[in-house]
Amino acid sequence: MIVQLTGKVKFPITLDPTVWIFDDRKLTFTEAFEGESPEVSPEEEDELKRKSLRFDREVYQQKLNPPVNKSINRYEKQRIINGTFLMPLLPFLQTSEPSADSEKAALVSDQGEEIIHADDLKDALLLFAENGKPLQTQGPVHLYFGDGSNRDTPVKGIKKIVFQ
0 MIVQLTGKVK
10 FPITLDPTVW
20 IFDDRKLTFT
30 EAFEGESPEV
40 SPEEEDELKR
50 KSLRFDREVY
60 QQKLNPPVNK
70 SINRYEKQRI
80 INGTFLMPLL
90 PFLQTSEPSA
100 DSEKAALVSD
110 QGEEIIHADD
120 LKDALLLFAE
130 NGKPLQTQGP
140 VHLYFGDGSN
150 RDTPVKGIKK
160 IVFQ
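The opening position of the sequence shown corresponds to residue 0 in numbering that gives the first Met the number 0, with each subsequent residue numbered one higher.
By construction, these hints were calculated from the structure, which means they are not laboratory data.
Watch out, some of these pointers could steer you wrong.
Label-pair distances were calculated between CB atoms; the ranges are [said to hold, decoys possible]:
| hint | residue 1 | residue 2 | range |
| --- | --- | --- | --- |
| 1 | S98 | F21 | 16 to 24 Å |
| 2 | Q77 | K9 | 39 to 47 Å |
| 3 | F10 | D118 | 15 to 23 Å |
| 4 | T13 | S98 | 28 to 36 Å |
| 5 | T13 | Q110 | 16 to 24 Å |
| 6 | F21 | D45 | 21 to 29 Å |
We put the CB at the ideal spot given by N, CA and C, even for glycine.
Starting from the given sequences, assemble the full structure and let the hints guide the process.
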């Protein structure tokens, strides 16, 4: 259930999509492709503001990377249990620092390799959870291009991304 970023990169890294459910950078499928934001009731919004202020005063002196939910309210818990989530690939690309002369990337899965242009990965999103559960079949991640062009036919079962 891991994904490796290797090849022409300064720092090869291994990603564990099973922990992304607690990462604040995750997006729901509808947020990513339909531009919808989750509905939040006024009470939940007040609670979030109160917690945010307390968090800013007490803890923000430490820079957290990646940002992680410190406390999960009831709304967020329901969202996590039932949601379909994607993670932007860009922060991980910035960490691994692909070589400037790397023009192609191979998406390696059990079905073989798919070669794409390396720049297409900058806006890519990785589907890592459906209905609140990690992808078991054709997992650990599915790749969607940021423009949604492969929304109906994502690249499935990616286990390794190799920069060439």
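Hints and how they fare:
One distance hint, 16 to 24 Å for the beta-carbon pair S98 and F21, is violated here, with the actual separation near 31 Å. Look at Q77 against K9: about 40 Å separates their beta carbons, and that is inside 39 to 47 Å. The hint said 15 to 23 Å for the Cβ distance between F10 and D118, and at roughly 19 Å that hint holds. In this structure the hint that T13 and S98 lie 28 to 36 Å apart at CB is violated, the actual value being about 19 Å.
Between T13 and Q110 the CB atoms are about 21 Å apart, so this pair conforms to the stated range of 16 to 24 Å. For F21 and D45, the Cβ-Cβ distance of about 23 Å falls inside the hinted range of 21 to 29 Å, so the restraint holds.
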